[in-house]
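Enquirer: Residue-level listing of the chains:
There are 2 protein chains.
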Amino acid sequence: MAKEAITPRAEDPARWYTDVVLGAELADYSPVKGCMVIRPHGYALWELLRDELDRRIRATGHRNAYFPLFIPQSFLAREAEHVEGFAKECAIVTHTRLRAVKDGDGVRVEPDPESRLEEPLVVRPTSETIMYSMFAKWIQSYRDLPLLLNQWANIVRWEMRTRLFLRTTEFLWQEGHTAHATSQEAEEEVRRMLGVYREVAEEVMALPVLVGRKTEAQKFAGALHTYCLETMTLDRKALQAGTSHHLGQNFARAFGVKFQDAAGQEQLVWQTSWGVSTRLVGALVMGHSDDDGLVLPPRLAPVQVAVVPIWKGDAERTRICEAAHAAGRELREAGLRVEVDDRDALRPGFKYHEWELKGVPVRLELGPRDLEKGQVVAVRRDDARKLPIPRPALARGVRELLDDIQGALYRRALAFRQDHTRSIDGWDEFAAFHDDPGGFARSPFCGGRACEEAIQEATRATVRVIEFDRPEEPGRCVRCGGAAEGRVVFARAY
Amino acid sequence: MAKEAITPRAEDPARWYTDVVLGAELADYSPVKGCMVIRPHGYALWELLRDELDRRIRATGHRNAYFPLFIPQSFLAREAEHVEGFAKECAIVTHTRLRAVKDGDGVRVEPDPESRLEEPLVVRPTSETIMYSMFAKWIQSYRDLPLLLNQWANIVRWEMRTRLFLRTTEFLWQEGHTAHATSQEAEEEVRRMLGVYREVAEEVMALPVLVGRKTEAQKFAGALHTYCLETMTLDRKALQAGTSHHLGQNFARAFGVKFQDAAGQEQLVWQTSWGVSTRLVGALVMGHSDDDGLVLPPRLAPVQVAVVPIWKGDAERTRICEAAHAAGRELREAGLRVEVDDRDALRPGFKYHEWELKGVPVRLELGPRDLEKGQVVAVRRDDARKLPIPRPALARGVRELLDDIQGALYRRALAFRQDHTRSIDGWDEFAAFHDDPGGFARSPFCGGRACEEAIQEATRATVRVIEFDRPEEPGRCVRCGGAAEGRVVFARAY
Numbered sequence: 001m002a003k004e005a006i007t008p009r010a011e012d013p014a015r016w017y018t019d020v021v022l023g024a025e026l027a028d029y030s031p032v033k034g035c036m037v038i039r040p041h042g043y044a045l046w047e048l049l050r051d052e053l054d055r056r057i058r059a060t061g062h063r064n065a066y067f068p069l070f071i072p073q074s075f076l077a078r079e080a081e082h083v084e085g086f087a088k089e090c091a092i093v094t095h096t097r098l099r100a101v102k103d104g105d106g107v108r109v110e111p112d113p114e115s116r117l118e119e120p121l122v123v124r125p126t127s128e129t130i131m132y133s134m135f136a137k138w139i140q141s142y143r144d145l146p147l148l149l150n151q152w153a154n155i156v157r158w159e160m161r162t163r164l165f166l167r168t169t170e171f172l173w174q175e176g177h178t179a180h181a182t183s184q185e186a187e188e189e190v191r192r193m194l195g196v197y198r199e200v201a202e203e204v205m206a207l208p209v210l211v212g213r214k215t216e217a218q219k220f221a222g223a224l225h226t227y228c229l230e231t232m233t234l235d236r237k238a239l240q241a242g243t244s245h246h247l248g249q250n251f252a253r254a255f256g257v258k259f260q261d262a263a264g265q266e267q268l269v270w271q272t273s274w275g276v277s278t279r280l281v282g283a284l285v286m287g288h289s290d291d292d293g294l295v296l297p298p299r300l301a302p303v304q305v306a307v308v309p310i311w312k313g314d315a316e317r318t319r320i321c322e323a324a325h326a327a328g329r330e331l332r333e334a335g336l337r338v339e340v341d342d343r344d345a346l347r348p349g350f351k352y353h354e355w356e357l358k359g360v361p362v363r364l365e366l367g368p369r370d371l372e373k374g375q376v377v378a379v380r381r382d383d384a385r386k387l388p389i390p391r392p393a394l395a396r397g398v399r400e401l402l403d404d405i406q407g408a409l410y411r412r413a414l415a416f417r418q419d420h421t422r423s424i425d426g427w428d429e430f431a432a433f434h435d436d437p438g439g440f441a442r443s444p445f446c447g448g449r450a451c452e453e454a455i456q457e458a459t460r461a462t463v464r465v466i467e468f469d470r471p472e473e474p475g476r477c478v479r480c481g482g483a484a485e486g487r488v489v490f491a492r493a494y
Numbered sequence: 001m002a003k004e005a006i007t008p009r010a011e012d013p014a015r016w017y018t019d020v021v022l023g024a025e026l027a028d029y030s031p032v033k034g035c036m037v038i039r040p041h042g043y044a045l046w047e048l049l050r051d052e053l054d055r056r057i058r059a060t061g062h063r064n065a066y067f068p069l070f071i072p073q074s075f076l077a078r079e080a081e082h083v084e085g086f087a088k089e090c091a092i093v094t095h096t097r098l099r100a101v102k103d104g105d106g107v108r109v110e111p112d113p114e115s116r117l118e119e120p121l122v123v124r125p126t127s128e129t130i131m132y133s134m135f136a137k138w139i140q141s142y143r144d145l146p147l148l149l150n151q152w153a154n155i156v157r158w159e160m161r162t163r164l165f166l167r168t169t170e171f172l173w174q175e176g177h178t179a180h181a182t183s184q185e186a187e188e189e190v191r192r193m194l195g196v197y198r199e200v201a202e203e204v205m206a207l208p209v210l211v212g213r214k215t216e217a218q219k220f221a222g223a224l225h226t227y228c229l230e231t232m233t234l235d236r237k238a239l240q241a242g243t244s245h246h247l248g249q250n251f252a253r254a255f256g257v258k259f260q261d262a263a264g265q266e267q268l269v270w271q272t273s274w275g276v277s278t279r280l281v282g283a284l285v286m287g288h289s290d291d292d293g294l295v296l297p298p299r300l301a302p303v304q305v306a307v308v309p310i311w312k313g314d315a316e317r318t319r320i321c322e323a324a325h326a327a328g329r330e331l332r333e334a335g336l337r338v339e340v341d342d343r344d345a346l347r348p349g350f351k352y353h354e355w356e357l358k359g360v361p362v363r364l365e366l367g368p369r370d371l372e373k374g375q376v377v378a379v380r381r382d383d384a385r386k387l388p389i390p391r392p393a394l395a396r397g398v399r400e401l402l403d404d405i406q407g408a409l410y411r412r413a414l415a416f417r418q419d420h421t422r423s424i425d426g427w428d429e430f431a432a433f434h435d436d437p438g439g440f441a442r443s444p445f446c447g448g449r450a451c452e453e454a455i456q457e458a459t460r461a462t463v464r465v466i467e468f469d470r471p472e473e474p475g476r477c478v479r480c481g482g483a484a485e486g487r488v489v490f491a492r493a494y
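Going line by line, the protein sequences match chains A and B. Counting from 1, one number per residue, gives the positions in the first sequence under this note's numbering. Counting from 1, one number per residue, gives the positions in the second sequence under this note's numbering.
Don't read these hints as lab results, they were simulated from the structure. Keep in mind that the hints are not guaranteed to be accurate.
Because identical chains share one entry, a pair is satisfied inside a single copy or across any pair of copies.
[Said to hold, decoys possible] Pairs of lysine to any residue, SDA-like flavour, derived with a Cα cap of 20 Å:
(1) 88 x 119
(2) 219 x 367
(3) 219 x 13
(4) 219 x 248
(5) 373 x 396
(6) 386 x 44
(7) 33 x 118
(8) 312 x 352
Chain A with its partners taken away, still in its complex shape:
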C-alpha cells in the first residue's frame, strides 16, 4: 500500500482511522456484515495485549475457564434490566440443519424447518447468565468463596453501525466473573480490576485514562454500579477502554447463587464482572497514530525493530545483509522482536514506508558507510528523529530508545488530553465546545437522567465518567441550573 493511501486526519478522522487500520494490515472487512477479519499483524498485537492482561489477571488470583457460546433465551430474561440491555442486539440460533432446495437450474440451501429448536439460543452477548447458572451449582459454603474466574472468548452484539475494532458485531474479549461473601469484598474486587486495567492502559498501551464511575444511564444492564476507564482519541472524543461492574445480588437472586455462611445461614453471594476487548486495539490506533500510519508503543509492537539493509550490487548485498542479520540476531538474543527486511526487489524507501504504516517503533538503516563507521542508524517512528548507534552498543542503545519512545508516547498523549480538557460552567460555552473539535469538558451536573438526555440531544456529548478523585465542589448544573455536587466529564464518545 502506498503512503498516499492514508487520508490526512485533519481532513477526515473517520477515513484516516480506517486507512490506518487497513494500511497496517491489522484487519480487513469480511463478507459478513459487521464482522471483521483480524489479520496476523493485528492478531499478534492482540496476543501481546492479552498476555499482559492475562498475567495480571492470574497474579490477582483468578483462574481461566470456558463456558458455552450459547445461552438459552429464557436465561437472558431472568434479570429484567439485563435482557432490556441486550435483547435488541443479539444473534439468535433457531435451527440446526440446512436442507437443499431447487432454485431454478441450481440448488440452494435453507434452514430445515424440521430442525427448529424448542428453545432458541442466543449467541453470548456477555456471559453473566450462563456462568451464574453454574456458580449456583458449584457454590455451597463460604469455603467456596471467593470464586474468581476469567474467560477469554468471542462475543456477539448485533450492532447497526460498525467500525473496525471499535464496534463490531463479533469481538474478542476477556470477562472476569467473581462471587464474594460480602458487598465490601465485591467492591474491593471491582476496584482492584479497574486498577489492573489502568496499569495496562497507561504502562503498556501508553494511553492515559480517566477513571471513575458511570451515571445510572450509562451503567451495565443489571449492575449496581459500573466503573470505567476513558481515554481521549486524537479527534478529541472519549473512548471507553474497559469497565468493571459491581453486580450486587441481582444475578445471585435471579440464578439462586447462595452459600451457607460460617454461622450456618443461607445467603446470596455478591458478584462482580469486568472486561476489556479487541476495542483496545482501536483505542491504540486512535491514541497514537499519524498521517504516515500506525504508531505503536514498543511494549505492544509485534515488530519492535525493523532492520533495513541498504546496498548496491551483489557484492555489497552479501556483505550488508550478513551484517544486518547479525544485528538482528543480537537484538533477538537481547529479547527484542525483530524483522530483517532483506527483500530483493524493493527499494529501501518503499520498505521504510511499509514499516511506518505498520507502526514499527524503531527502524535501523544499515548501509556501506554505516558499516565502515561501525554504526547503525536508528530512526524513531514517533518523531522521525535519526540517531546513529555505535555497533558495539547496539542492543543497549535500541533498548533505551524503545523505553524512551514508550515514555514519550504516554507524555504526548497526556499533554494532548490536557490541552483539550476544559472546566466549563456556562451552557453557551459548553455547547460551543462540543461543536467540532470538542474534547473533555469538566462541568457541574445535577445527576438527573432527563437532564443527561437533554444534554446529549443538544450537543451529542454524554457523561463519560464521574472521576474518583474529583473535588467536592457544590455548584449549578451546566444545563438545568439544579444543584450539583461536583463536576463530571462530558464528551462525545466512540
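Position chain B relative to chain A; hints supplied.
Expert: Only chain B this time, still in chain A's reference frame:
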C-alpha cells in the same frame, strides 16, 4: 469428591470416563444441550497443550489470525461435498432481536419476527469457506504464496450424542489453512503438520499414535485426501487425535483463489487445512487414567507436584508448613508447577485422594520424621511407588522423577496398544475380535466403500487408518475376498 465415586473401568468404561472427568473437575455439564463448561483445571490443561502446539505452528512459519464466527449459508453450499458433510449438524442464526411477550402472569421472550435475517448465518463448523473468500482477495501473485495461517477458535457442530471433551456441540480447536503454488508443496505441508501433531501426541501427551491416510469414506468433506493420527483408548477403541487435509483445488475453484505465476499465467492455488481440538483432552484421559482418577503426563499437568505437609498440633504445624512452603518455592524456582496443600481442616489422606483424582504426577509428603531425616517422600501417581528424596537434592530428584513418569506413561500406553493389536486375515476371527473388548485389527482390505460399510454394519469397526509405513502385502479382503494391496487398521472408534 470421594474416591468411591469413580466407577471401575472394568465395570463400565463410559461411566468410568465421565467419573474421571467430573472427579478431576476438568469439565461439567452445562444447561445447554451438548455444550460443556471447561473448568479451571481442564482449561489450564488445554492452555498448556495449546502453547505446545502454538509454539510448533509458529516455528513452521505460520501466523495466527482470526476470522468471523458466522458464515453466510450460501458460502457453505459452494463446495458440494463440503456442504453435504456439514449441513446436518450446524447451528443457524436467523434473527437478531428478542421481543417480550405476555405469558400468563409473566413475560417471556422470543425472536422478533421483524428481525429475521435476509440470509441466515451458520455458526462455523470449520472455516474453509469464510477464510478462502478472503484468500481470494489477498492473493494476487506467486509472491503472496505460500500463505500460512492458523486460527484458535470455537467451533459448533450440532451433535446428537455428545460426551465431555470427546464429542461436544461446541469445542475449541486450532485450524491451519494454507495456500500454495503447487500440489507438491501442499502435500509437503500436509505431512509436515501431521508430523507436528505426532510429535505433540507422543512427546508431550505420551500417547503413541498410528499415522497414515483415511479411506474415501472417512476423509474430510471437500478434501482430496485426509491424513490422521489414531490413538488407542484404554477400552481398546480408536480415537482420532488430529487430521491434516490436502484440499487440492476444490475450494480454490469454488472461491476463485487464484494467482499469477512467474510466467504471468493465472492459476488456482493448492490448499491444505489441519486441526486438533479439545478432544485431545479426552484422548489424554482415555489413554492414561485409572480407577483412582486422572493420570496426567508431567509435561501437561497444570500441577506437576503437590506438596502435602503432615502435622499434629499447632507447634508442629508451623514448623512443617514452613518446610513445605520452602520446598514448594525451591521447586517453583526450578521451573516446576507446584501446589502446597496446607489446608487446615482436611486430613492428609483426603488430600492424597484429591490430588490423585486431579492426576498430579508427583505428590510430596513431608512429616516430622521426614524433616528429621532431611528428606521428602515422593509418591508417583502412575504406579503409586514411594521414594524418599534427600532434601538437598529435591529439585533434581523431582525433575528426574517427572521425566521418568513421562517416559513410563508413553511406554505403558505403547505396550497396551501392542498387546491389543492383531493381524487378522479371516472374517470369523475378525468379527469375534471386534466383539468386546476388541482392539486394532490389521487386516487386508479391498478399499471398496460398500465393503467398508458392510464391515461397519456387521462389527461396528471402521477403517481408522491406512498406515504410511505398511508393507506392500497383496492379499484377500477380510470381508469380501477381493484383491487387497495391503493391510489397514480396523477398530471401533470414538
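Enquirer: For each hint, tell me whether it holds in the structure or not.
Expert: Verification of the supplied hints:
no.	hint	result
1	88 x 119	both (18 Å within a copy, 19 Å between copies)
2	219 x 367	neither (56 Å within a copy, 53 Å between copies)
3	219 x 13	neither (28 Å within a copy, 50 Å between copies)
4	219 x 248	within (13 Å within a copy, 52 Å between copies)
5	373 x 396	within (18 Å within a copy, 50 Å between copies)
6	386 x 44	neither (27 Å within a copy, 46 Å between copies)
7	33 x 118	between (27 Å within a copy, 12 Å between copies)
8	312 x 352	within (17 Å within a copy, 70 Å between copies)
Checked against the numbered hints given earlier, this structure breaks hints 2, 3, 6; the rest are met.
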